[in-house]
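Asker: Build out the structure end to end from the sequences listed, making use of the hints.
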Amino acid sequence: MDYLLTFLPWLLAAVQALLYLALAPLLAGWLRRIKARLQNRRGPSLWQPYRDLYKLFGKEARVATTASPLFRAAPYIVFVATWLAAATVPLIAVDLPTAMVADIIVLAGLLALARFFLALAGMDIGTAFGGMGASREMLVSALAEPAMLMAVFTLAMTAHSTNLASMIDAQLAAGLVLRPSFLFALGALVLVAIAETGRIPVDNPATHLELTMIHEAMILEYSGRHLALMEWAAQIKLVLYGALIANVFFPWGIAQSTAPTALATGALVILLKLLALGVALAISETVLAKMRFFRAPALLNLALLLALLGLLGHVILEVGS
Amino acid sequence: MDQALSFALLAVGLALASSLVSCFAARFPCLLRLVALPVFALAGLAALVAGVVALWDGGTATMTLPLGLPWLPWQLHLDALAGFFLAIIGIVGAAAGIFAPAYVRGIERSSESLPMLGGFTGLFLSGMLLVVLAGDAFLFMVAWELMSLSSYFLVAFHHEHAANRRAAFLYLLMAHVGGLSILLGYGVLASFGGGFAFTAMRAAELTPGWASVAFVLAFVGFGMKAGLVPLHAWLPEAHPVAPSHISALMSGVMLKVAVYGFIRFVFDLTGEIQWQWGVAVLAIGSLSALMGVLYALMQHDLKRLLAYSSVENLGIIFIGLGLSLLYLGTGHRLLGALALVAALYHSLNHALFKGLLFLGAGAILHSAHERDLEHMGGLLRRMPWTGLLFLIGCLSIAALPPFNGFVSEWLTFQASLQAWQLDSGVLRALIPIVAATLALTGALAALCFVKVYGIAFLGQARTRHVRRARPVPSSMRAGQAVLAVGCVLLGILPTAVVALLSVIPEQILGHGLPQATAHGWLWLTPVAPETGSYSAPLVVVLLAAMAVAAAWLWRRGVVRRVRRGDPWDCGFAMPSSRMQYTATAFAQPVRRVFGLLFRIDEGVETDNKGVLRHRLAVHDRAWTLLYLPIARLVDAGVRRIVRLQSGNVRIYLGWTLATLLVLLWIIS
Amino acid sequence: MTLAELPLLQQLLLVLAALVLFTSFVLLEQARLVSAIHAFAWQGALIAAITVIVATGGGAKHLYFSALLTFMLKVLLIPWMLHRQVQRLDLERHTQALRRPALVIMAAVALVVFSYWLALPMVAQELTFTRNIVAVSLAIVLIGLLMMVFRPQAVLQVLGFMSMENGLFLAAVSTTQGMPLLVELGVAFDVLVAMVLFGVFFLQIRDSIESLDVDRLNRLTETVENER
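Protein chains in written order, with our numbering: chain A, 799 to 1119; chain B, 11 to 678; chain C, 72 to 299.
These are calculated hints, taken from the structure and not from any lab test. Please note: incorrect hints may appear among the correct ones.
[What the hints assert, rightly or not] Beta-carbon label-pair distances, calculated as ranges:
no.: 1; chain 1: C; residue 1: A168; chain 2: A; residue 2: T1005; range: 33 to 43 Å
no.: 2; chain 1: C; residue 1: S279; chain 2: B; residue 2: D611; range: 50 to 60 Å
no.: 3; chain 1: C; residue 1: R155; chain 2: B; residue 2: D617; range: 19 to 29 Å
no.: 4; chain 1: A; residue 1: A820; chain 2: B; residue 2: P481; range: 41 to 51 Å
no.: 5; chain 1: B; residue 1: M584; chain 2: A; residue 2: A1078; range: 50 to 60 Å
no.: 6; chain 1: B; residue 1: M584; chain 2: A; residue 2: A1074; range: 42 to 52 Å
no.: 7; chain 1: C; residue 1: L216; chain 2: B; residue 2: Y637; range: 45 to 55 Å
no.: 8; chain 1: A; residue 1: L836; chain 2: B; residue 2: E612; range: 37 to 47 Å
no.: 9; chain 1: B; residue 1: A488; chain 2: A; residue 2: L1007; range: 40 to 50 Å
no.: 10; chain 1: B; residue 1: Y637; chain 2: C; residue 2: V220; range: 28 to 38 Å
This one's a predicted model, so the numbers in the text were calculated from it and none came from an experiment. Just so it is clear, CB atoms sit at the ideal spot from N, CA and C, and this is done for glycine as well.
Answerer: Structural data, given as C-alpha cells:
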C-alpha cells in the first residue's frame, strides 16, 4: 500500500479522470455520426456534443416554482457520483490508486447513488412525466443490478478479487484463455450496459414522447447548466461501461507501467477499442427497435440467465479438483 | 470491565425509575415529558457508555444478583457481544427519549393513559437490557417475558380501534409461541449441561442430533421474534399501531435483541456448528429479504411499509449469520468471523436508520396528522430539517455509499465472494446466487425508498392538512439528528467500527479479523488488499473535491441566476397535485413483474354516480398458506376438547375421581 | 488442472459445450415454432463442431464422418422437414408461450446444479474436464425432458426429444470418443425414420382431432369409440 502515498499514481489518476470527462462527448458524437451514416444521412459533426455542452453552460437555468432545493442540488450529485465511478475504472493504465479506493461493488453503489438522486429529481416537480420516468428507471435498474453483480461475481470468482486493477492484471497474466464463464459474463454485461445507459432497445435517447421516455422523462424539467451536467453525466456513464467491457474482457494494450511509451500506447488502444464498441452499438441500435417497456424485464431476465450460466459454467467446467 | 457492568446496572435502574415516576403522571401530566422521558434518555445514554466501554475493553464481567430462586440465583454476564447490543439499545433509546417529550405533549390532553405509556416504556427498556445482560436461562426468559408483555401493552395503547386490539393480540400470541420454543431450546441445552447457567451450557457435550434439535427450536423462536418469513405476520400489524417512538424502539432495538439471542444460543452456547444449519438460515434469510422488500413496495401506509422493510433487513442480517455458520461449519474460521462482523454491522446500521425513519414518520404524524403516503407530498419545503434527516435515513437504508448501509452490504458481499475457498461445488454455485438475491433486494429497497421520499417529501401536497404542515419542535429534530449523525459517521469511518467489532468473533469464535484494519484507519480490507478494499473517507474526500472542482469550473463567468417558472404542462393549465404520480402508481411496474408472489385483487368499478374507482388490495400469501390452516386446525381441535365441558358438577367430580385413581395406580 | 493450463483446443471445447447448454435454455423458452427450430439447428451445428474438434484432437477418424452425418441430419434435413410441416399444417397460429417462464427457467437451472452434483462422484478418466462435460450433457438431457413436460405442442415435443438425443451424443463424443460407427449409423437412420413417421402422424392426428396439442391426444379415444 505504500506506493499509494506517492504523488505519481495520483497524478495519473487525475489525468485519467479528466480524460474520461474529455472523451465522453466524443463517444456520443461518434455514435450519432455512425448511426446517421447507417441511415444514409450525413449526420452532425463529431464535435457537436462539445458545442452543445458549451452552449448549455452559457444559458440561464430555469427552475419550476414547485421545485425544492433538492432539484438544484441533484445535477451536481449525479455528475460527481458518475464521474468518481468512472475514475475508478482503469482506462489507460492498470495501476490506479482510485481502483483501490473503490472496487467494482463500490462502483455499482456510486452509480446507484447517482440514479437515486436522478429519480428523486424527476419526482420533485410534481408532474406525471417525472414520476413515470423515475418509476420505470428504478425498475429497470432493479432488474439489471442482480445480472450485473452476478456477472461481476463470476469474474471475481476467477480472479479472486473485486478490485478492477487486480482483475485486469490476472487476465493479462493468464494470456489467451477461452473461458465459457467470461463469454457469458460478457454477454450479460453488454445487455446490462444497454439497459443502464438507456440505449435502444430499452430506452430511446433521442425521444421526447411521453410513453417512450425513461431517462429523458426524469430530466425533462432541467435547463441551462443543470441540463448540461445531466447530459454530460449520461455520456460519462456510457464511456464508463465501454471502458469496463473493453478493459476487463480484452485488456491487451493497457499500460502496466508508468513509462510514457506504455501510456501513449494505452491511450491509443483504448481509443480504438471505444470507437469499435461505438460502431457495434450504433449497428445494433439501427437494426433493433425499441421494445415496449414491459418487455424490458424479459431482456434483463436473459441477461440474468447469461450471468447465471456463466457462474455455473465457471463452477462446473472451469474449476478442476 | 466492572465499570461497564456498573454503567449497565445504572441504565437498568434509570429505566425502572422512569417507569416509577410515570405512575404519578395521572395526577401531574407534565411529569411524563419533563421527568420520566429525560430519565429514560439518560438510561439510554448509560447503556451506550456501558456498551462502548465493554467493546473497548474486550473482557468479561459477571455478577450474581440476590434475586431469583434460592438454588437458581440470577446471574449477569457482560462480554463484548452483550456490550455491542447494549450500545445499540442505548443509542436508539436515548434518541427516542429525546424525541418523545414533544411527541407525548400532543396526547397529554387526550383521554389516553399517560402512566401506562411511561410505565411500560421504562419496563420495556429494562426488559431488553436485562435480556442482553442475562448470564443464565432463567433471567433470560424472565426478562424476555417482561419485554414481550410491556411491548404488548404499548402496542395496545390506542385500544379504541378494533384493528389495533387484533394486532396486539396477534403480537402477544406469536411472542408467546416463540418464547415457548426458546424455552424448549434452553431446556435441551440445560439437560445436557446440567444447569441453567450459560457457563454450564457452554461446557455441555451435545450429540449432533440433539444439537440440531436445539438449533431448530432456537431458530424458530428467535426467528419468530425477529420477524423472518413465514413467521413475520405480527410485525406489519403491531409496529404501525404503537406510538412512533415505541415503533422505533421495537423495530430498531427489539428485533436486534432477538438477533442477540440467536447469536448467543447458536454461536456461543451450542458448541460444534454444523454447516447444514448455515444453509437453512441462508435460505430463510434470503426469502425474508426478498419477500419483505416486495411487500414493502406494495404498501402505502408509511409505518406498515417501514415494518415490512424491517423484515427485509432482518433477512439480510440472517443472510450474514447463515454465511457465518456455513463457513464455521466447514472449518473456515476467518471467513466465518468476517460474515459475523458483517451481520453485526448491519444490525447496528439497521437500528440507526430504521429508528431514524420511524422517528421521522412520527414527526410527519405529529405535524401533518397523516400516515398514508397517498395523502402526503411537498413536505420538504414545509419541514426542511425533518426532510433532510429523513433523506439521510433513506440513503442509508438504500445501501448507497458513503452511508452506513452500504458498508455492511459491502462486507456481506465480500464474505460471500470468498465462497471459492469452499470444497463443495454445489455450495460454491449457490452462494453467489444468494448474493445476487441480496443485490436484487438492495435495488428493490432503493426503489422503495425513492417512492417513499419522492411521494412524501417531494412534489406537491395532496391534501389540505399536509399543505399546512408546520415544522416539528427542535427536540424532535434533535432525536432524529442523533441517529442521522450516527448513520453518517458509521459510513465514513468503517475501519474504526470494524476494529471495535472484531473483538466479538475473537471472544466467541477464537478468531478475529486482523487483516481488516491492518492498513490504517483509511482502508477497509477484510481479507487482503488485493482481494478488495474500500476507503470511505477517501470516497467522501474525492466526491467533495470533484464537487468543488465542478462548481468552480462552471459557475465562473456564467449566468448564475436561476429563473422560476411554471413546470412543463404540454401547453395546458398548470398541473394540479392530483396529476402527480401516486405511490400505488409508482409501484405498479413491480406489481406487474413480480405479481405471482402476491395475491392481488385489482379492479376498476363505476359507482352509481358514474365515478370510476380503482380498487387494489394486496394480500400476504403467508396468511392463506400458513396461518389460516393452522388457525383452522387449532379451532377444530379446540372444538373437540370443548365437549368435555358439559356443565354438570357430578361429571366433573367423576373426572377428578378417574384422574386420582390413575395417579395412585402410577405411584404404586 | 485449472482452465488456464489446458490446451487451447480443449478450452474451445468447453466454450462450445457451454454454448450448447445455452441453446437448450433458449429452446426451452422460445415462444415461436420457427425460432425454436432455428435454435435446434444451432444446437446441432455446435455439436457437429465439437465432434470435428474432438476428431482433430487425435480422436478416431470416423468422428469426421459422424460430424458430417450430424450436420446433414440435425442442422439441414430435420429442421427443413419440421419447417415444412409447420408451414403446411399452419401450426404457428396455435402456439402458446410458456405460462410461467420464470419458474420453468429456475427449474432448469436447478436441474443443471443437480446434474453437476450427480456427476461429481464419477471417476475422472484422464482429464477432469470430460467429467464436467458429462455433467453438462446430463443437464441437456434433463432440460430436454423438462421441455417435453412443459410445452404441449407436438413440434416442440419432437424438438425436446431430439434435444435429449443431442445431449446423449455429446456425452458419448466427449468421453468415449464417439460410439462405434455401426451404432452411429443405426441411431441416425432410426432418427430419420422417426421423423418421417412423425410427419405422417401429424397429418393423421390433425385430421382426427383438429389440433396438434398433445394435451388433447386423449380425444383420440373418443374418435376410436365413435368409429365402433
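Asker: Each hint should be assessed against the structure and marked as holding or not.
Answerer: Now for the hints, and whether the structure bears them out:
| no. | hint | result |
| --- | --- | --- |
| 1 | C:A168 with A:T1005: 33 to 43 Å | violated (28 Å) |
| 2 | C:S279 with B:D611: 50 to 60 Å | violated (43 Å) |
| 3 | C:R155 with B:D617: 19 to 29 Å | violated (57 Å) |
| 4 | A:A820 with B:P481: 41 to 51 Å | holds (45 Å) |
| 5 | B:M584 with A:A1078: 50 to 60 Å | violated (45 Å) |
| 6 | B:M584 with A:A1074: 42 to 52 Å | holds (49 Å) |
| 7 | C:L216 with B:Y637: 45 to 55 Å | violated (37 Å) |
| 8 | A:L836 with B:E612: 37 to 47 Å | holds (44 Å) |
| 9 | B:A488 with A:L1007: 40 to 50 Å | holds (49 Å) |
| 10 | B:Y637 with C:V220: 28 to 38 Å | holds (33 Å) |
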